[in-house]
Amino acid sequence: MATKYIRNFSIIAHIDHGKSTLADRLLEKTGTVSKREMEDQLLDTMDLERERGITIKAQSARLVYDAKDGHQYILNLIDTPGHVDFNYEVSRSLAACDGALLIVDATQGVEAQTLANVYLALEHDLEIIPIINKIDLPSADPERVRKEIEDVIGLDASDAIEVSAKTGYGIEEVLEAIVQRIPAPEDAADKPLRALIFDSHFDSYKGAIANIRIMEGSLKTGDRIRMMATGMEFEVTETGVFIPQMRPTGSLECGSVGYFAASMKNVRDCRVGDTVTLAENPASAPLPGYRKATPMVYCGLYPVETNEYDNLRDALEKLHLNDAALLFEPETSTALGFGFRCGFLGLLHMDVVKERLEREYNLSLITTAPSVIYHVYCTDGTMVEVDNPSLMPDMTKVDHIEEPFVKTTIIIPKDMVGTVMEISQNRRGQYLTMDYLDETRVSLIYDLPLCEILYDYFDVLKSSTRGYASLDYELNGYQTSPMVKMDILINGEVVDALSVIVHKEFAARRGRALVEKLRSLIPRQLFQIPIQAAIGNKIIARENVAALRKDVLAKCYGGDISRKRKLLEKQKEGKKRMKQVGSVEIPQEAFMAVLQVDDK
Amino acid sequence: MTGLYIHIPFCRQKCRYCDFPSYGGVDNYIAPYVKALCREIADSDRDHPGSAGTALDTVYFGGGTPSLLSLSQVEEILTAVRHYFAVTGGAEITFEANPDSLTAAYAKGLAGLGINRLSIGIQSFQPGLLRTLGRIHTADEGKAAIWAAKNAGIDNLSADLMYGLPGQNLRDVDADLKELLALPLTHASIYSLILEEGTPFYHDVTTGTLELPPDDCVETMGQAVHAAMEVAGFEHYEISSYARPGNRSRHNTKYWQYVPYVSAGVTAHSFWHNCRQAHIANIPQYIRLAGQASLIGERVEIDAKRGPEDYCFLALRMRDGIDAKAFKDQFGTTVEAEFGTVLAPLVTQGLLQQTRRGYALTEKGLAYGNYVFSRFIR
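Line order of the protein sequences matches chains P and E.
Counting in full-length UniProt numbering, the first sequence runs from 1 upward without gaps.
Counting in full-length UniProt numbering, the second sequence runs from 1 upward without gaps.
Each hint can be trusted.
Straight-line distance between alpha carbons at most 27 Å, and here's what the computed DSS-like set of lysine-lysine pairs gives:
#	chain 1	residue 1	chain 2	residue 2
1	E	K305	P	K570
2	E	K305	P	K564
3	E	K328	P	K572
4	P	K4	P	K68
5	P	K566	E	K328
6	E	K178	E	K150
7	P	K397	P	K538
8	P	K555	E	K143
9	E	K364	P	K566
10	P	K292	P	K265
11	E	K364	P	K570
12	E	K364	P	K550
13	E	K325	E	K364
14	E	K305	P	K572
15	E	K14	P	K564
16	P	K555	E	K150
17	E	K14	P	K566
18	E	K305	P	K555
19	P	K318	P	K354
20	E	K364	P	K555
21	E	K305	P	K566
22	P	K29	P	K166
23	P	K564	E	K325
24	E	K178	P	K550
25	E	K14	P	K555
26	E	K143	E	K108
27	P	K292	P	K206
28	P	K555	E	K178
29	E	K305	E	K328
30	P	K572	E	K364
31	E	K364	P	K564
32	P	K220	P	K4
33	E	K178	E	K143
34	P	K564	E	K328
Hint data in this document are derived by calculation from the structure and do not stem from the laboratory.
Whenever a hint applies, use it, and build me the whole structure from the sequences.
Set out below in structure tokens:
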């Protein structure tokens, strides 16, 4: 099919603004998927995605649409992940498109992720079609939202389409707009192949599958291809399109979106953002924008039962097949034994991986508190990257430490500005700018240490704004900060897995709060257990877990076993997942406690 | 062999610490309740399938205050029991009695009906403490009741005694033990006061009207009890039970050894066909339904996970502990296979010891029984 009958687009939206529902309606309306096959939110295939209502892996679908002009068009919908952790994946998906549908909730208006995604789309010169969704709701205010799109984003919203993805209202109009307003791909069929990998997944029969957009040239089964970033070469064993299941077609023409398989062993062989070309007739330069996915957040994952170590490794390897951004390497903790230090794109990515390990692989895990990567400059002039607090060099050998900062956009109702400023300032935020989005809403931009966002910024922000705040952030370089390593001693011994890196001025307060929290989490044992926080050799906080009380002796009345048992169950409650550290049993939650202390 | 528990939920006056199902001031229900009990016993197959005609080697009248029943009412119940079950010769038939209702004549009557073991609610011999507890008998009545039973020819006699009471000191405990050991007892249940929510005691303690002795003092009292009972030749065979050799409570031992028992009466518990059951609590409803419909309010089937757990925490209440062979016979797997990771650390901590027959609490383990038991709940 000629490129002029192809349209490549994606849908961008803030979480919950109805992206998946709209995608479902488009699939249904074009007959790509029949009503009978229609599951709710068809494009989110992982259980976890459906439960959390978010998209983690991008999916694609090829829609065949008979437009009013009498021609048949191929509309390639490239779904994008909807979370700040997966920003890079979003940008690659957008790079594969020529246009985007921008969904804004008619009851909520523009939110932080709307903005972030729109800016990404504009960077890629995409034609943006504003869509105002949920107009069936009584509280919908399309006129206000229209004005907001114009004022805040600077897009002409006069022809924004009003739809209700839920009821199907306005869907036809959306399809027509895609055909009429989004440009057709450039026809560059005669150039050497350049195809952009915008996503990948692992198939146990075919190996890694690359989702691609052919920017120039064409690709067919049997071609020998080369990955331009890694230089690896493969023979293409299958090419095809998503309907939305994979359907082999034998070849992919210029401008089209589809997939190929090439007996690639894992998804790192076809990295998102890389350019595919032909080995025999290679393009001179790759497409712009490739970078390796770099984790921002690290934590230790340990099996509760030491003999599950091999299972954990196997499970991580399997997840890794499908998740190029997940890093892991073996590490040893004196407290927790053998485990892995894992790197994630962000907190959500970390939660998702953890949950999948536990759910899909039936593992019982202990997670240490997440950490960012510190740049530690030593007095001998060397720099080490520290992603595990227990590996911090001896402070006497440290010249200074740099920590990552993120540029954080927070959108809130204007009467909450004071609260949010206070929260941000208390967490070492540096104020950058403030803009009024309309009469009622404000966009605040702060430069915040990433570790504070990991710590509790998110939760505090959400609770103190009653959920009204929306947040987005991007890495904004490293800055020198007076950070110190704080150790936790339990029963006189340093528990390496509990060490944290904190700002010097917060250390005493956070130390006190942390030992207090640990005291409440560590169950009484047969002896008194001191819990101390220390910086170097200096103890800055101390609490004791009192020894277990001896029992009072009770009579067992009339054979009522259940009552006795209920008492024991109560006593046992919350004591699952205990890790024996020295002579003390520490529950799983203790290792995450550093995130839950309220020291403000 | 099977045991039968019969619950008598009536008391002359409810004690201030008691949260057990017993009621004062509802004497008008006693007569219809006894009839209802007999109907349930005649209909025992309904809630305990296959139990009719089963051989019983223990029968236990608990309360409440069974001694509030008239002798003819006791006889009526026992006649039903003997008619619908097969009470073995030499069966242990226990009857709980309170001193105020256990007269010489009553004791003789019970003996005549075949009751051969009495459990008498003494609780204390100190007049002040008896008042605090809300008991309606005097110290002398307590002693007299035991002698009355003895003189009536009931030799197997147990007394309940409490410590850790408000205002009690170590000297009071010593005095109580001295009084207790001067009586012709074969058995004693001695346990510390447990504050139960919703009782007048709980209210008084939480509002500061009453003050309980400090924990370490209660601990010392417990040690004094162990020492005195041991010296007097009693075997401390279960957490709160002491017996002269050969006089363990055969009925209560069933609870701890995972042996089935049936029951009758409101709130009564049973363990039958691998189900733990509890009767309904409402007396008028019980009277209405007995013999016509099921009287079970709660039924839990014991699965392969819970069974071994129950077995262990119950068995460990007894100083003999877990019998490895009995465990294997019961569950088809060894106790080590089921609880290896639980047993080892408890042994290391000095709370459990390996014995010739299996595992048992150590002296130290006895003080931390609930901690040890809770380890077995997975």
